[in-house]
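Going down the list, the sequences are from chains A and B.
Adding 88 to a residue's 1-based position in the first sequence gives its number in my numbering.
Adding 13 to a residue's 1-based position in the second sequence gives its number in my numbering.
Note that these hints are calculated values from the structure, not bench results.
Only a predicted model underlies this, so the values are computations on that prediction, with no experimental measurement involved.
Here a beta-carbon is modelled for each residue, glycine too, at the ideal position from N, C-alpha and C.
A couple of the hints might just be wrong.
[To be verified] Ranges between beta-carbon positions, derived for each pair:
id	chain 1	residue 1	chain 2	residue 2	range
1	A	Gly-157	B	Gly-810	19 to 27 Å
2	B	Ala-19	A	Ala-148	29 to 37 Å
3	B	Ala-19	A	Gly-157	33 to 41 Å
4	A	Leu-172	B	Lys-700	50 to 58 Å
[As the list claims (entries may be wrong)] Covered stretches of chain A, going by a simulated chain B footprint (3 or more residues, C-beta under 8 Å):
id	segment
5	94-105
6	111-124
7	155-163
8	180-194
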Amino acid sequence: MRALAGVILAAIVSIAGVLAGAWWAPFVAGLAIGFVQPRARFAVPAGAIVGLLAWALPLAALQIQYGAGSAAESLAAIMGFGHLGAIPIVLTCTVGLLLGLTGAWLGSAARSLAYPAISR
Amino acid sequence: MINAIAALIVCAAVLYAAFAGAGPLPALGPAFNPVTGAWTMAADAANSSQSQTLRLAGLEKPVNVTLEPDGTSHIVAQTDHDLFLATGYMHARFRLFQMDLLRRQGEGRLSEVVGKAALDSDRFELQLGLLRTAQAEWNAASSRSRLAGIAYAQGVNDRISEAETNHQLPAMFALLGYQPKPWTPVDSLIVKGDMTQTLNFTDTPLVMALLEKSLGADLTSQWFATLPPNPQSPYDPGPYPPAVAPAPIATLSQVSDSEAVAAADAYQRLAALPAGLIATGGDSNNWAVAESRSASGGALMAGDPHLHLTLPAIWYQLSWDSPSYHVSGVSIPGTPAVLIGHNQHISWSLTDAQNQQTFFYLEHEDSAHPGRYLWKGAWKSYNNVSYDIPVLGGPTEHLTVKLSVHGPVITERGQTTSVWWAGNIPSQDLDVLLGIDQAGNYQQFRDALRGWYSPTHNFVYADDHGNIGLISAGYYPQVAAGQPWLPMPGTGEDDVVGTIPFDAIPQAYNPPDGILWSANQRQVTADYPYYIGTTSNFFEPPYRAEEIHHMLSPGTKLSAADMMAMQTDTRDYLASEIVPVLLQAIPGSAEKDLLASWDYRMEINSPAATIWWTFWQAYLASTFDSYWHSRDVKVARSEVNNALGQDLEAWTLGDPNNAVFKYGGSSNTAVDVMRLAFTSTVSTLTKQLGSDPSTWTWGQVHQRVIENLAQVKGLDYGPRPDGGDAYTPLAAPDFPSSHGPSWRMVVDWGAGTFQAIYPGGQSENPASTWYSDRVDTWFNGKYAAMLTADAAAKAGGAKTWSMQP
Numbered sequence: 089m090r091a092l093a094g095v096i097l098a099a100i101v102s103i104a105g106v107l108a109g110a111w112w113a114p115f116v117a118g119l120a121i122g123f124v125q126p127r128a129r130f131a132v133p134a135g136a137i138v139g140l141l142a143w144a145l146p147l148a149a150l151q152i153q154y155g156a157g158s159a160a161e162s163l164a165a166i167m168g169f170g171h172l173g174a175i176p177i178v179l180t181c182t183v184g185l186l187l188g189l190t191g192a193w194l195g196s197a198a199r200s201l202a203y204p205a206i207s208r
Numbered sequence: 014m015i016n017a018i019a020a021l022i023v024c025a026a027v028l029y030a031a032f033a034g035a036g037p038l039p040a041l042g043p044a045f046n047p048v049t050g051a052w053t054m055a056a057d058a059a060n061s062s063q064s065q066t067l068r069l070a071g072l073e074k075p076v077n078v079t080l081e082p083d084g085t086s087h088i089v090a091q092t093d094h095d096l097f098l099a100t101g102y103m104h105a106r107f108r109l110f111q112m113d114l115l116r117r118q119g120e121g122r123l124s125e126v127v128g129k130a131a132l133d134s135d136r137f138e139l140q141l142g143l144l145r146t147a148q149a150e151w152n153a154a155s156s157r158s159r160l161a162g163i164a165y166a167q168g169v170n171d172r173i174s175e176a177e178t179n180h181q182l183p184a185m186f187a188l189l190g191y192q193p194k195p196w197t198p199v200d201s202l203i204v205k206g207d208m209t210q211t212l213n214f215t216d217t218p219l220v221m222a223l224l225e226k227s228l229g230a231d232l233t234s235q236w237f238a239t240l241p242p243n244p245q246s247p248y249d250p251g252p253y254p255p256a257v258a259p260a261p262i263a264t265l266s267q268v269s270d271s272e273a274v275a276a277a278d279a280y281q282r283l284a285a286l287p288a289g290l291i292a293t294g295g296d297s298n299n300w301a302v303a304e305s306r307s308a309s310g311g312a313l314m315a316g317d318p319h320l321h322l323t324l325p326a327i328w329y330q331l332s333w334d335s336p337s338y339h340v341s342g343v344s345i346p347g348t349p350a351v352l353i354g355h356n357q358h359i360s361w362s363l364t365d366a367q368n369q370q371t372f373f374y375l376e377h378e379d380s381a382h383p384g385r386y387l388w389k390g391a392w393k394s395y396n397n398v399s400y401d402i403p404v405l406g407g408p409t410e411h412l413t414v415k416l417s418v419h420g421p422v423i424t425e426r427g428q429t430t431s432v433w434w435a436g437n438i439p440s441q442d443l444d445v446l447l448g449i450d451q452a453g454n455y456q457q458f459r460d461a462l463r464g465w466y467s468p469t470h471n472f473v474y475a476d477d478h479g480n481i482g483l484i485s486a487g488y489y490p491q492v493a494a495g496q497p498w499l500p501m502p503g504t505g506e507d508d509v510v511g512t513i514p515f516d517a518i519p520q521a522y523n524p525p526d527g528i529l530w531s532a533n534q535r536q537v538t539a540d541y542p543y544y545i546g547t548t549s550n551f552f553e554p555p556y557r558a559e560e561i562h563h564m565l566s567p568g569t570k571l572s573a574a575d576m577m578a579m580q581t582d583t584r585d586y587l588a589s590e591i592v593p594v595l596l597q598a599i600p601g602s603a604e605k606d607l608l609a610s611w612d613y614r615m616e617i618n619s620p621a622a623t624i625w626w627t628f629w630q631a632y633l634a635s636t637f638d639s640y641w642h643s644r645d646v647k648v649a650r651s652e653v654n655n656a657l658g659q660d661l662e663a664w665t666l667g668d669p670n671n672a673v674f675k676y677g678g679s680s681n682t683a684v685d686v687m688r689l690a691f692t693s694t695v696s697t698l699t700k701q702l703g704s705d706p707s708t709w710t711w712g713q714v715h716q717r718v719i720e721n722l723a724q725v726k727g728l729d730y731g732p733r734p735d736g737g738d739a740y741t742p743l744a745a746p747d748f749p750s751s752h753g754p755s756w757r758m759v760v761d762w763g764a765g766t767f768q769a770i771y772p773g774g775q776s777e778n779p780a781s782t783w784y785s786d787r788v789d790t791w792f793n794g795k796y797a798a799m800l801t802a803d804a805a806a807k808a809g810g811a812k813t814w815s816m817q818p
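Bound conformation, chain B alone:
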């Protein structure tokens, strides 16, 4: 009997672990079964790189896909419908888990598969309402978007069915113990919404409010001025047409009032969310050179959008050939569009425009009108909506959110605050992207962008006739009154009343000097007649833009090779301004000698780069930390370093006696504080790296890592030393840096060459050679040719996938 009881207990334990898992372990049976579990990644890795014939439900005619040796996919379809279907299949074949994560993030369904650790994210997303917006967008979708969305979803679902039948679902599904639900067109729009949120949902007005509360109105307005204290390298210098009444913004009425959005508990809650949900500033570069400045005689264009660098990457490289589309570039898995690339006549890339698209409103309430708020003289009721959030291993979470006319209520502490966000306006961005994919000239390109709302992007353009353009497309909300950089009264007087008319937004076409560039800088001068955001945190400092402009400006002819060199340029423009002043301020030393002979390049073997960067941080700390500590500022100084740094730059170069240096009644000037900061720098680096400054190389302290999307450290690439910093064209902020050029593309219309690279691989399968095979090439600053389907088929090593109805 004892033996039987013991057997029963041990059996129960083993079967429980096998069927249900234990603690952090997945259900061991289905997860590690060598035939249908996670081990199938080995078969997937081997099979995906072989030629094959596939039968896909829903295809109208056969489709041919050529895969280059690096997995770049060239889809040739006889109908547009089949093109989108095949794209959905290819995305799902290589990125299904990534796609599922992205849609779950936007839908607030991560907790269902990963447990309560994702609850904050899910609550926030359901309140913000990406799902609601995506549903409204789909309900109003154009016929072109509907065709793409439905066919694409069919292709994804074909792959899900195939993978389930053949036990080929990505390993992470087996390890997490769930199956993907069918894909819908709304899911594609949610994935697009994820990107919009990451790039432009900001908490800056909340930050400004906290700063004003602690630092006071005077210092806040001085240090975080609406207009920047330094030149901004605008690409659109004017003259500008006089301001006219704002154009109407597409109404939110498409969104059912019964559906919910809300956000979190204001700044603290937003700050506590996982990285990536709130825009914290993005770094990207793009530029174009007209044929008059091009060595090849045709227009040049370069683009490198800077994003969180992950494995798998956000991009999937492909080309399309169908009756209506002949496009090559990168797509986001989950969406049926080529976001950046070229077609037969035009090329384009984008950077984040970073104008203000998020506004906070303080709702007026009183005890005599419970559950209501005052708006335009009338008491209105909030819409209360409830959601259920399934949680793995726990009870379902119930969430009730409130919605005012401005948007979701994000906190009810102190004063009820709601948020107006342009990303909540249903848009037709998918149709815009498909329109760009089909555009044949600047007029068509620009017309397509009229429908682009959010996030506002700087779309650079070049074509086969030598033309170049740059247009910062999207909504630029205008308020009737008030200070939009702070939370505003919600009683109606300060509401968003429209946007800058499309013809008046920043843009340029074929400028006289033949160059255009953007790097997230403010696009216009102080003369621009509309409010587009403040320097406090909306626009990036102009240093990358200045450096790019500096490199483009000489009168010499430029080539594609020059474009590539610029994309990996490590010259720090701010250093080139400040270091000469610093050298005047400090006494002689070995460290000073290193700086004096420095070329301002943040190269991994440069000790001067380490000294400069450490000095700049020390200089910021020496100047501002006393204020921060004495006034108990609740915002981390590092969060506003971009604004403070531009102030410090301006004062150092033009106002060294500014009162900011005289904290506590001292008579210090910029020179005194620089000396203090430099002494601190040498002391810090001596402790950290030893007494010989010649060994303080940048690569010792500055590394780059490309992180696994599922946050599996063992599947990261790196960290490894890399050059650049936050202010160099080769953007590499943070330590280690996990943010930077997510795709580099260089187009030379004169030579007919299109070259690109991204740091990752086509497959999310870590056992595949296509998981991270492009990273070394990217690290080394090399590119691969963007081949046509025909050229790819003729190249050695290509594989063919024949898709049959």
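Same shape as in the complex, but just chain A:
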């Protein structure tokens, strides 16, 4: 339960960071999750989910408030993908996910070096 609470807290902090312009916040949050959470098999997916949420929820809010379809199509065009608006959406979510995931992985790996006996 405490682990889940920690993840939720990390997600909230990450989302707040992203909303404030600190787009790298999921990486830091993932790093913290990975370092604090002794089970890597829990920490790394949790970090990925935190990263995904931190980037996807503001994007969802953007869609609800303004409609993001035209922006997605425009970004796809700029990227050379015609009007396939799904591509920048997937890319955006992937960036968030990777930031959280790699942060957690690195944190977990650092923990295993610092505390080898209690890391799993």
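Dock chain B against the given chain A, drawing on the hints supplied.
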């Protein structure tokens, strides 16, 4: 340990891609962050079309801006200062990236944000010296221009600060990973310089030199004569005052000798530059009809400047109301002036006059005087100046340029060549435009234009008293001696010594027949006593002008609706001359039948239009390509087709036995070559479009595209089939055509109606409905009313932006 190393490596890769980008990808973190990255274009698109209250630093009093449902902005300010400030804000709000691109182009700073792909452009611009000229212009600016420039820059910077604070910078900044630097008044003058360069910096004398070298002096002088071989539809037929000594040209002494200009390595280097940096001929139309010929009883005026059609467009539509200005029309984002439009008493539009304003000089050097050149009997040292060009992802480029008394040295291969360009003369064009915006009659309009140097434009005029005028304002450089259409000796004898006096430049006011027109044609007859350029490439062929004159000439009264029909007219005047001759030359066939029943209109559903245009290209090729190949001409024939086409027109109609048709000792005449070309035409089109000529519609081969300014293909409009060609009033050269009427305006002073349209939208944001919302209307030949601020506020759907100090 292995896990830690793997984690570290993967983390480093992800963070590198997120912070710095990889390959063509931008830095993914800041670029795609949904809150502050490129996604903010969605919020910008939604917010910009809503009423809002804004606080702008520097405002003296509240300003009210009404936005029509299409984004046309009506600025009502209580002081002139606030008018310019609000204009700067509105331009930046909707076009900041475009403005930044334009100033970077002129300043030679594109490589800093796009990398080495822009280095050639940057080198060229720094050598040419738009920045230096703009700085000199600003140092000598009038109080009116200073007020406008400073307040405008404040408005732009207000928007930059606001956008940075609220994470609302245009998406392209996020994707390219840079922030705009503050705007300055000099930046506005650079944007104006970009336009001057695009419209009149030419390489024609270099082309002529290459032609003379390969074709020989005889053919070159015959085919590229100083005076045209055909009637030119001049709007100012004379009589002309006798030539007097040239008026002095404003000296270049305002420009510090320590500042640098230079150009590229002559023709090849100029030809290799990105499109748009060198003038390649512009097509524009304007005309005016006096009250005596108007159905409404008031003067009529129409104007459609033809430019590269882009999204966002070069134009931003607005109206101004302040103590000194009551103007409606279009402005260029980055500049605090209404360039084309109307005020309460007068209306105006412009076309490119296309006289020669670029001259090349061969500097005399010898080994006994290294680093010097001979000028007026003395050896002078070049000014050597160095520039640094920051390059994204690469080392900073160092550039050293040389400056002679004539201007920048553009090549040192063979013989050192420098270029004298009127656009390098510091001018007060901004003050002229503001003077036009405030003018209330022709005298004030004409007086304002005395200060206009470059590019030379045909300014058409109409007013609320039924008067019309047309004046080709700008510098017409005169040389002391020599052949200015070729590179000239730089030893002083052939230098530019002045310009045609203002009172003697082409102009007309209230002509007896009540009509005036310009379409980039030569404005005067062969009797005009001054040199203004050759037919070789300076002036456009007269076909659009002839067609416009043809439509204006009948004695019937004309209306605004007639003006609109003329602006989208697709009748090819050259076809109307040549096709009857062709029909006499060729045997009967289905293709001939199509031509025989054709009305010479280049409509998308016309197969005859396709046959005609293909034939004309084949006729040019059949006549000239043998010479081109046998003499190894280094200039693409297509580059001089305008001149060759006028020759071919004249020979076909009046000299069918000309020696040009008898290449290789044959006994061919124009008729024989036409038959040959027509056979080739049918063969080509059969292969390309099938065996049934009735299906060879013009729309299949001729399309128009409106290109995204940042060259993002997915953000283009089109291509889609469109009528017209290079010679029709509805100008649509090239395949696909990306050049044409950038703004159509029709004014009827009798009815009090002002109508206009441009192919684009007010916003550069591709997610905005204002990105390309006007294009369909423009394509369909429709117009929108140019409303006053009051009328716009009362119209349905208008939004109000309240700007507070």
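Cross-check of the supplied hints:
Between Gly-157 of chain A and Gly-810 of chain B the beta carbon distance is about 22 Å. The supplied range of 19 to 27 Å therefore holds. Our hint of 29 to 37 Å for Ala-19 of chain B and Ala-148 of chain A holds, since their Cβ atoms are close to 32 Å apart. In this structure the hint that Ala-19 of chain B and Gly-157 of chain A lie 33 to 41 Å apart at CB holds, the actual value being about 39 Å. At about 36 Å, the beta-carbon gap between Leu-172 of chain A and Lys-700 of chain B misses the expected band of 50 to 58 Å.
Against chain B, the segment 94-105 of chain A contributes 0 residues with a C-beta closer than 8 Å to a partner C-beta. That does not satisfy the three-residue criterion, and the hint is violated. Coverage of the segment 111-124 of chain A by chain B holds. Counting CB-CB distances below 8 Å, 3 residues qualify, and the rule asks for three or more. By the rule of at least three residues with a Cβ nearer than 8 Å to a Cβ of chain B, the coverage given for the segment 155-163 of chain A holds, with 7 such residues. By the rule of at least three residues with a Cβ nearer than 8 Å to a Cβ of chain B, the coverage given for the segment 180-194 of chain A holds, with 8 such residues.
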